[in-house]
Each structure stands twice: as structure tokens, then as C-alpha cells.
Amino acid sequence: MERISKYQLGAMIILFQIGSTPLFEIGIKAKQDAWLVVIVSMIMGLLLLLLFLAIQRREPEKNLSQLLVHYFGTFAGKIVVLVYVLYFTYEAFRNVRDLGDLTLMTILPRSPISLIMLILMSLSVYAIYKGLEVFFRVAEFIVVGVLGFYFILIIMTFISGIVHLDRLLPVLENGIKPVLQESMTDFWFPFGQMFTFLVFWSYLNEKQEMTKTSIRSFFISGMVILLTNTINLVVLGPQFTGISTVPLLQSVQLIQVAEVFERFDALVILLFYAGIFIRSTLWYLAAVLGLAQLFHTGYRRFVLPVGVVVYSTTFLPPSWQSHLEVGKLVGVKFMMNPILIGMIPAILFIVMLIRGKANK
Amino acid sequence: MNKLFQLFVRKYQEIPQQGEPASDKPEQAELLSCCLQENIDRIKSLTGNSSDFIVRMFQGANGLSMAIVYINDLTDTAVINDSIIKPILSGTEADTAEQGSLTDSFKVTNDMLLTVGATNTVNKINDFVSALYNGNTVILAEGWDHAISASTSKWQMRGVEEPSSQSVVRGPKDGFTENISTNVALLRRRIKSPNLWKIDRKIGLVTQTDVSVLYLKGTADDSVVKEVLKRLDRIDTDSILDSGYIEEFIQDQTFTPFPTIINSERPDSVAAAILEGQIAVLVDGTPFVLVLPITFFKFFTASEDYYQRFDISTFLRILRFCAFTISMILPSLYIAITTFHQEMIPSTLLVSLAAQREGIPFPAFFEALLMEITFEVLREAGVRMPRAIGSAISIVGALVLGQAAVEAGLVSAAMVIVVAFTAISSFVVPMFNIAISARLLRFALMLLAASLGLFGIMSGLFFLLIHMAALRSFGIPYLAPIAPFVPNNMKDIFVRVPWWMMVTRPRLFAKQNYIRQKVNLRPEPSDTEEEK
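In the order they appear, the protein sequences are chains A and B.
Heads up: the first sequence begins at 1 in my numbering, then just goes up one per residue.
Heads up: the second sequence begins at 1 in my numbering, then just goes up one per residue.
Chain B extracted, bound-state conformation (with noise of 0.2 Å):
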């Protein structure tokens, strides 16, 4: 297969590069000339006059003719006006250097003159442009061979609001954003610790995505953080518009129903990770964070747990397998036992079922095709349709192709349980991209079990558990740490031990520092309050 892929990729390959990225190259590494006119021109040339690209000319209060360039719709005007335009026309302390050489001028203007924030200087085209697309703005003046660029960005966006697709009944309610600093900051804000290390990398040609990868230096282990930059540097695409993107290039394997990489909208989730020595990768423009390295069982931890009581979350953890197994095997099951093993269902039921059947005209194999795949149908119905005609869905979904298809003698309404209980179990899993393979291995183990029974279900899951005993994430076998077996880390996949017993970091993902706290920290009501 992978030879095929092969094959496929390098038919590819040999088409010549063509088009904008190798073209401009050249043309972009060029420096600045000394012109503030040839300068514009270039500029306004290069971005084929686009209206959004403000140039406003003046004199500056030293007499220099100068230009500030910007886009309008990213940048502060308020910022531009108060704190650049301003202090250059009126600024007094520029008198001083009235007669001064250019570099002097320059130099005023950056460390007297603007009272922005964070300034940078650019001598090259392309570093230019890309100041001006990240909301800078930038300075030029007649006989400079380089630019000031202002930090003056801002623009429309979300806030933080409480995350859509990871809700808790306890627990924080902010959600990441499409703003990879406000990301960052979410995170900093729970982690004040100098360890949170941070490395930015840009990709895509077209796009210039930051990404950031996030880690807790002395915790995480060093030569996975090594891996993955490398990784990252190994992408050389146009475009990245969500981490999902990232996710496709940088996973270990692609040929797998199983994700290796978890996302998650939620910075106190994320910021756990990255305390047991888990890393982040930020990519700007989406609030869906990766977290890696990952084993299968963190599919089934939600952060809520940490936040109730053990004995629950313990209780949720082993519902949510039970959930798991049952949104993947249950529709397999009912057409296994139905179709040949009878015997192994209670008299009553049988009699029972049986009648249900009598009717019906199809195998139960395709009455349970029908089924999922027009509860698949809703279901892709549900999230695409425009809201305002939400409810009509689900009154067609409900009673016309529930209730109608058992009343017509379609299907059996035994099937109808066994479809929407598998529906809901699939939701009980608090990360969707697990549920989504479940999903997709439902329908093969169906067709195993409408040919080979049980013995067929038996086989997949068999098959299902070597791909999932040879899989890794970043170096991490994915059935750690059942297989292989890691006791120390037994307090936190089944059962949520009650916090002061975690004493130690789960030992897969930090290779150093794995204490994580005091040893006796049970609370037990101390002696004055006894003597009471």
C-alpha cells in the first residue's frame, strides 16, 4: 500500500514547480535602495496596488521626507496616529538632530520619537511585506536603506468563549481561539513558570502559519521536542489552515483508522499535558491545539475528571471504554447473534425478536446497513445544515425514519434500539476523532460478522489489536501502558486515583523530573480538631 502511495506521490513530483513561490524568490530577497520613491513603487508593484495597502506620504518635523506604509484592516489607526504620525511631525527632541546625518535621523526617530510598543528594523523586500501582513506598520524615509517596523497590529476576532466541542459541568469555561497569542497567553496564564518553553516556526509559502511549539523544559523529553521540529521543518507546503493540516504531515503513521495526535479546544487540558511532559503545537488561525505524544487511553480522559471527585470520574472512565467498545461492536454483535448464534439469546427474547422480524425482508445484515447509514446521513445532516431548520431535521430524523421505517416493516424496531444506542454511545467519548474511527470500523465489523459471526468479530478485533500493539506515537507504543505494561502509570487509565497519590508523573511521556509532589499529602483531620 505504501508502495503504491509511493508511486503516486512521485507521479507528482516530476511536474516542474511552477507558479508564485519560486518565481518571486528572487525577486523578494532584494534589500531596500536608498529612494523612498523606488521603495513605494516596488512595494505598490509587488502587491499589484491593492487597494487595502495604505501608503500616506509627509514631511517629518526634521524636514526628512518620509512614507508610512500599512494595510488597513490589521493595523490599530488610533495606535498609527497617536503614536507614530504624531510624534514625527510635532517631535521637538528631532529638532536636536535637525542637522545630523541619516543615521541619526533613523536612529531619533526609532528610540526617541515612536511610542509604540515594540519596533523592529527590516532591510530586505520580503521582510517588508511580511511585516505589513502581520499589522506592523513601516517607516520609511528619503536616503534610508531600511525601514522601522511598528508593531501596530489589530484586528476583528473571536473572544474567549466557553469551548463547543469539549463542555464540562466543572471546571475552567475559556476555550482557545483563532489567535495563536491569545493561545499562548491562555496557557502562560496556567503555567507561570519559566520552564514553558516556546519555539516558533512559519509554514506554508502562501499562508506564513505560525506555529509554536509549546513544552515544559526538564519535563518533557527532549528528543521527542527534537522530533518533532523536525517534523515540522520537514514541511514545505503553500498553505496551513488548521492544525489539522499539521496533524496529516507530522503523524506517525498514515494508513491507520486511529489518530496519534489528539486535539483539544481546551487550554486547562492542554496545560496538563504539557505538565506530564507532553507537548503542544499551536498553529495560528485554528483553536484546535495538537497534544502529542499521546497514548489510546488518553482518548478517554476528559479534563473534568481531575475536577470531580475520584470515585465518579473513576466510574465515568470505565462507562466511557464500556461506551467505547459498544458504539464500535454492538450493530456487529445484534447481526452476529441474530444470524448465528440464536441459541445464545434467553427463550423469551428470541420469541420476541423473532416476531419482530417476521415481517421484515431483509437480512439483518442490511436492515442494519440501512439503518447506519441513514443515521450517518442525519448525522452529516446535523452538523451542515443551517441551524434555523435544525428542528425539521430532527422531526424527520426521529419520528419519520425511526418510527415510520418499524411501522412500515422496513426494519425491526429491536434494530432501531440497537442503531441509536449505538448513536449515543458514540458521543460518550470526550474526543470526537476517536469516536470518528470507531465509526468507520463499525461498518467493517459488520460485514465480518454478517459473514463469519462471531468468529468474524472475534478476527477483526484481533487484527484491530496487532495494528494497535504496533502503533506509536512519537516514539510511544499507542496500548501503553497495558501493552507493554507500566504499572506506575496504572493509577490513571481505569481508575483516577484521588490526587494526593499521584505522586509521580506518568512515566511515558516525562523522561526527567518525575516527581510531581510530596509524598504524605492524605488529609486527615489533624489532633486539635479531635480533641473538639
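Isolated chain A (complex conformation) (with noise of 0.2 Å):
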């Protein structure tokens, strides 16, 4: 069985949580206390997190699949892990298009879509075909060249005297109320979505760093998601944070060092390309994962099927933002997030405790 190390799971969930967070400004409806509802999410994702992590510590040895077949009935489970599988199929299909409009927006208007997102699409079936092993080491390699480049755009904002930190005044103008109720409809994402680790958890080798190295490592995303989503909002104010597509290009593009470095919006995109290939390929693995564990065979063969349908349910969206509104309209109409992350979990774990005690 393939395993992976603690410093593979880390990495991976601090890039699968910084992925293509940037590219969206988390809670702006709050207008300049957005970085207030990161801070209050980050909070209510750590609790959620905290409840995947008990359930995962109680069957330590068990992925998602082979927790819900086992205290939901093979019947019951089997059709929940097949939902699941649509919903990692879902996710993986918004990252792909996220991607492929991101890039003709920005770097390469005449390109096609098509051949974008195909590309991107070969390189995750290229690397679930090599083995999650494999995939995880990628994350391993990459993760300390992207955080150090989150870090040198944020020293470099600073340095070219772009920052207006008297655009975060007035601190919570309209009271905490907003704040909070935007907390309540965003920390699903990116926070909510380490639910994906019950998928993941189980292969880790070192089964007693699990908690502290997710808990790190989702302290580290979050502090990265925090600080760019504060640049955007003390470089741009909130207002025009508000109404731009892709607020963090927009700071990028304003700073200039020693009038030599400039202009690293196309870095950026690619720094966005790097998260989004492994949040894609992330959802896209759960998702092959999940339809082995339902088959019971070896999950190589379904990366091609399952990579097809991502594939072709690209094109569905007319537009990046009919993609944004269905986007909106599944998460929150739906409340497809709430329900898939936050109760069918919590019945999973309330059943764990009722059987853990009935068959003592």
C-alpha cells in the first residue's frame, strides 16, 4: 500500500488550502473587515477540522469510503461515498475551469480554453497515474518554492509603499454582526474543504504527527490566505477589491521595486496555476479514490473515465461568470457545502460514538 510521510501531508494541505483561494476575495460583502470574517472562518474551519480529525483518530486505518460503508450500512454508505465521488468530481471541474478562464483572462487571450485546461487535465492524469505517492511528492517539492513566493509578493508590497493600512479603518463599522454572518456562508471554502483529508488521512505513516501536522499546516495556509487577502484590501480598498475580478493581480500589478521588478502578475498566475493543478488533481484523486474503494479494485483504472467527465463538464458553463453563479447557486442555494461537509460528518461521528459505545 502506498504511504506518505508527514511532511507530504503538510505540504499538500497547505497548497490544496492556499490552491486558488487568492485569486476570490473571502468576505468582502463585509467590505474593509474581510480580513475579520479569514480570522472568524479560519476559527470555525479549525473546528470543523477538529471534528474530522476525531472521527479520522477513532478508525485511524479507515479512508471516507470505508468509514461511511462501514457505520452507514453497505447499502446507505455506498450511495453516500457515490455522492461524494460526484461532489470531488464537482470541485475538481470548478478548479479545471477556474484555471482555464484565469488564463485567457490574463496571460493568454488567443489561446484557447480548450487546450488549456486539456493540458492541465493531462498533467493530473499523468501524475494519479503515477501513484498518489508520487502526487504527494510533487506537493513536497513545490510547497517551499510557493510559499516563498507568497512571501517575497507580500515583502515586496510593503517595500514599494503601496499599503494604505488606514483603508482597514473604520474596524468593524457596522458591528461583528456581518462579520460573522458572512464567516457563516464562506468558511466552507477554503476552510470547510480539509474534509477532503478523510480521504487521505489514512495513508499517512506516522499515524500520531496527524493532528498536529494538519493543525500546522492549516495554520500556515490561512495565515498566506490572510495576509493577501489583507493586501488587497489596504492597496486596493474595499471597494474596488469589491469589484474586481481577480483582486490580488490588480495589487501585484501596482508594485515596482527599484523600477526592475514589476509587473509579476504573469508570476502570479503561475503561482495560481501551481495551486489550482494540485487542488484539482487533489479533488480529482479523492474522486478515482472513492470509485475504487465503491469497485474494489485498483484505481488506475478509472482516472481516464473520471478525467473524461471532469474534462467534458468544463465546457458546460458558458462563461466564467454563469461559472461563478453556479458556483453560487450549488454551494449556497443548494447548500450542497453545509450538507457534505458539515452534517453528513457530524452523523458519521454521532454514529461512531453510539456503536463505539455499543460494542464495548
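Quick caveat, the hints were computed from the structure, so don't treat them as lab data.
Hints are supplied without guarantee of correctness; some may be wrong.
[What the hints assert, rightly or not] The calculated BS3-like cross-link candidates involving lysine-lysine, where the alpha carbons are at most 25 Å apart (straight line), are:
1. K198/B x K226/B
2. K328/A x K177/A
3. K511/B x K192/B
4. K202/B x K226/B
5. K6/A x K511/B
6. K511/B x K207/A
7. K29/A x K328/A
8. K6/A x K491/B
Combine the two chains into a complex, taking the hints into account.
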């Protein structure tokens, strides 16, 4: 069986959480208090993470599908697994489409979106085909580079003197309520999505390091998200950030140091590329693993079918705007995130508690 | 791809084996006969009466008719004259055995008369022949059904010289030679330990090339040694002329641009590798010794790193990584930025670049391809041409192709700088064979950059990264100790810490006996010195 180390798990959590998150300004509806929304969401996400970890710690050798089948019974369990496979596939599709549109909007306006997404998909297929262990090694290799680059970007914004801290004022203009309200809808993405690691924690070779590594990496990625979020606010101001499509790109464009270091936006796209590649591949891998466990076979035979599904669905939304709209519709209206990430794990945990006691 | 390859191979396996090795086998396995003349006739017919086979027949001092057989150019005639012929002809001790049986005469000749170092008894025709090819002299006598092979080998060979492919400023200047025993001696001189074990194989049906596996018993991973021997024993070919043959037969993966085995001409770096638990494979006839298993980062280690101060070594290491990256991606980066992302260039530079490119008829990609191919041709010419016309090539290369091409408006001056810098960078890496893979990958990345800009380069690099993460060298992940991360091994990858800090061996290769030295070896002025 393939095994991953604690460093690989940590690297993957960091990259997965950062992923494409800096593309979006979390909690911008709370205006200049968006950074507070990030902090509150992080804390709420942490609570969810503790729930997931608690589930995993009770059954360290079982992954998500095995847990569901074991505790919900074969029939109900398998249906829930199938739902999760669909959910993972859906999230993979969202990320692939995100990258396609982002690249098209910014660095390659005249290239066909199908080609860009095809390249991303082929990389994912190749990585998954090479195996889970190899994919986690890739994450381990690039994590320092990605973190370092975000660090340089943040330093550069401060050096080039475009930071206006007064744009964060007044703090809590409308009281704490809008912040909490925003956090309630925003903490699912990306903090709640730590849920995915229920599929991967069981592969860890040092189980006693699981909690510590996961929480640490969660905080590192949370800090990066918080910093990029705040940078947008202090550089662009809440109003402009609110209407901008990709605010971080606009903030970065303003960086100018010593008349040589300027226009980092193409490099930021590459950073997003790295993040989205890791993120979409991990969703994709989770879907493939789920299917494999459903049919009790090796996971490599599901790589291509799932890939074809993901790739073909990316063409469904006619534009990025509608793509974002669909995202909101599914996430908020259909309550996908609260049900799949919040309620089902909670039910699972309760069932585990009851069955655990009954067994004793 | 592998399946296609297998089809290709299978096609050739169906052809029935024919030719020398198969048909010779039954005859060669025959034993020597008692009749002296018959043996000599068989050897003569087997070697086609080759003129360098010398057969000298004479009457021994004990009255036995004897013969010695040797190959003229592989033996030391002085030794044959003084230590074989002379004692046999004049042997006084032999008188005592004069009346003795044939076995006695054999024993006496072997034990009392011959004054050469090593002797051996052969009783098969093919052992006889291979003894001859190793430079031995074989002694036959009427009535013996076996023969004595005495080691008399000597042939002209290159002395130990400074290695031409890996030179250092500070450090030992000796290099391996074409002779395997000299090479083993060079290593034994450095590691005077009974734990330096040597296992021999003869590979190649026709060439019968000596291959030796050297490793430090108790430090090297025994399972890797076993695996190496298994892969060596699998080789069934007719000839091995260089360690490159062996490398292609035993490496983990064929379809990869990255080498998974290092070759080295330097005894000191091979000795260092053996001391860290790696395994050396020496092949007779080549100064290039294979070292395995390895990781990607080993290619950026020069033996001099350990002889110079640690701070400059660290700096040079990082420089080498940068140079390798540059040699791989600089032309593609230039293409991508000038074609797709002009906004990234500072305005003044952009204006100057635009002015240079104004009269150039080609897109940046073709311009770069033209220059890169020109450079590759020049480089190949530089390696293959006769030494005497070297200066002509450099004049043609530097002046005609560089300057004139710019003046004629074929390429921009900036492109010449990019290509030249790329070329220089590719020579920084201490191991030549990883520089070659960068050379090939450069063209693929250039194509990606021309079609998709930075996105293309990044996709190419991701592809390479996944590929390298999946690659293994004899079970060791290629990107270790970065991925998988081994914190203990980081002391000698990007930085080279001072020697007194390297308490343990790298855990990757050595599976036992981790401790290299004592812990508190940090040099400090002693108390007495402070008082003064």
C-alpha cells in the first residue's frame, strides 16, 4: 500500500488550502472587515477540522469510503460514497475551469481554453497514473517555492509603498454581525474543504503526527490567505476590491521596486497555476479513489473515465460569470457545502460514538 | 511506449541464434588430452593459427618434452624467459623427481621451478584460451592432462593521469585509467579497510570483459548490492566496451531524459561515494566508473566541495543549481517573455529589445532555434574535430556565426547573449550527463514557450517534476531528500556544512552503520592558548 509522510501531508494541506483561494476575496461583503471574516472563518474551519480529525482518530486505518460503508451500512454507505465522488468530481471541474478562464483573461488571451484545460487535465492524469505517493512528492517539492513566492510578494508590496493601512479603518463599522454572517457562508471555502483529507489521512505512515501536522499546516495556509486578503484591502481599498475580478492580480500589478521588479502578475498566474493544479488533482484523485473503493479494484482504471467526465463538464458554463453563478447556486442555494461537509460528517461522528459505545 | 518497444524486441528474438558463441560452446568445453601435440594442434586450429600465438617447444631438464604457449603482445617476455623457461630448462630440483611419475613432474614444475607470482591449473580448453587472453603463459607437457597457467601479463597502457572530464583546483589529481586493476588499486589505496568488498563478473560472450562491484560491507545496503548483481547477471550480450553499455542494461528506466547512474573518472569521488554506502561498478577498458544508487542532487556535487571551505562550497552549490536551471529554461523564458508577456520587461529594456528585433525576419522561436542548433553543431564539431584545426573552429564560431549573424540582421544581439549564457551555464554542472539532459529538454521547453508562453514552460516543468518524482534509482526516489523529505540529509544538498557537523552518513544509501564520526569535533582554541 502506498504511504505518505507527515511532511508530504503538511505540504499537501498547505498547497490545497492556498490553491486558488487568493483568486477570490473572501468576505468582501463585510467591506474593510473582510480580513476579520477570514480570521473568524479560520476559527470555524478549525472546529470542523477538529471534527474530521476526531473521526479519523477513532479509525486511523479507514478512509472516507470505508468509514461510510462501515458505519452507515453497505447500501446507504455506498450511496453516500457515490454522492461524495460526484462532489469531488464537481470540485475538480470547478478548479479546472477556474484555471482555464483565469489564464484566458490574463496571460494568454488568444489561446483556446480547451487546450489550456486539456494540458492541466493531462498533467493531472499523468500524476494520478504515477500514483498517490508520487503526487504527494510533487507537492512536497514545490511547497517551499510557493510559500517563498507568496512571502516575496507580500514583502514587495510593503517595500514599494503602496500599502495604506488606514483603508482598514473603521474597524467593525457596522458591528460584529455582518462579519459573523459572512463567515457563516464563507468558511466552507476553503477552510471547510479540509474534509477531503478524510480520504488521505489513512495513508499517513506516522499516525501520531496526524493532528499536529494537519493543524500546523492549516494555520500556515490560513496565514497566507489572511495576508493576501489583507493586502488587497490595504492596496486597492474595499470598494475597488469588491468590483475587481481577481483583486490580487491588480494589487500585484501596482508593485514597482527599483524600476526593475515590476509587473509580477504573470508570475502570480503561475502561482495560481501551481495551486490549482494541486487542488484539482487532489479532488480528482479523491473521486478516483472513492470509485475504486466502491468497486473494490485498483484506482488506476478509473483515472481516464473520471478525467473525461471532468474535462467535458468544464465546457458546460458559457462564461466565467455563469461559472461563478453556478458555484454560488450549488454552494449556497442547494446547501451542498453545509450538507456534505458539515452535516454528514457530524452524523457519521455521532454514529461512530454510539456504535463505539455499543461495541464496548 | 514500452509495449511498442517490447514488440520490437520480440521480433528480433524470434530469429534463431546463430554465429560464433553458440556453435563454439560444445567444442570449448572439452578437456585437455594427454598428448602434447594434440593439445597444441587444437589450440592452433581454434585460434585460426593467429600469428601472435607463440608456441615454444623444448625438452625440460627432467627430459620431459614440454611446451609453453602465450600471446606475444599481452605478456612480459623477460618474465617468461627468466622465470619460466630458464628454471625449467636448468632446474636442479627437477633431478630428484626425474624418475618420478607424471603427477610428480607436474607438482615439481608448479611448486619448485616456476618463479612467477601466481599460477593456476587449467584442464579445459576454454579456460586455457581465456588464460592466454588474460596475458598468462600456459605450460604443457607430454602426458599431462592439465596445464599450468602462470601470470605473466604486461601490456602497454596509459598511466594514471589527471582526469580530463572532471578537473579540480584543489584536491587529488589522479584519475582512473583503462585498466581495471589499476582502478581497483586506486580505490584500495584510499579505503584501507577489510570491509571494502569486491565481487567480480565476466560479462560479454566475445569480449569477456571484467566487471567488478565494489562496496563497503556493513555500510552499503546489502539488498541493493544483491539487486546490482542480479541485474549484472541478467546481461547476456556479446560485447561490453565501456561502462555505458552496462549502464543502459542495468538502469531503472530507459525512457527518461535523466540519468539514474552517475559515472566518474575521479577515484576520490568514487571513494567518497563508497564510504557513504553507494556501490561502484568498475568495467575493464574504460576510466569511467559507475556509481549507484544516486539521487538527482548528487549530480550537483563536485568532489572539490569537500576540500574547499564550506562557505564557498555552499555558494558554488547554489550557483550550480541556478546554472542548471538557466541552461534548461533561459532560451524558452526569453521566447515566452518577448512573445507573450512583454509587460514584464522594464520599459527601457523593452524599447532597446524592440529596436534590436526590428529588422529580424524570424519570430523569436525560430531565432532561438537557429542559434541553439548552431551552437550544438559548434559544440559537436569542437569535440570531434582533429585537435589541429581547433582554433579555426573557434574563430568561425565566435566571430563569423556570432558577430556576423547579428550584423547581417539574422538574429538579435540579445539572442546571442541568451544562447551564449545558456551554453556557458550548461558547463557549470560537474557531471556531464545531467547537463546533456538539460540540453535536450531545452528544445522541448522552447517549443512549449513558443506556443503557450509562461504557461507552457510551467506545464513542461510540472510534467518533468511528476516524472522525476516517480523516478527511482535502485529503489531510491530520485528527488530524495527533498521529496520525500529527509531532514537528516539536508546538511549536504544545498548547503555543505563544515565537516565536523557531518556526524552521520546520509540515510538514503547507508542502511546500517550511520555514524561517521564523533559528535563534538568542533575545533576550538584550547584553554592554554587563550591564556597566552
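Hints versus structure:
no.	hint	verdict
1	K198/B x K226/B	holds, 13 Å
2	K328/A x K177/A	holds, 22 Å
3	K511/B x K192/B	holds, 21 Å
4	K202/B x K226/B	holds, 17 Å
5	K6/A x K511/B	holds, 21 Å
6	K511/B x K207/A	holds, 24 Å
7	K29/A x K328/A	holds, 14 Å
8	K6/A x K491/B	holds, 20 Å
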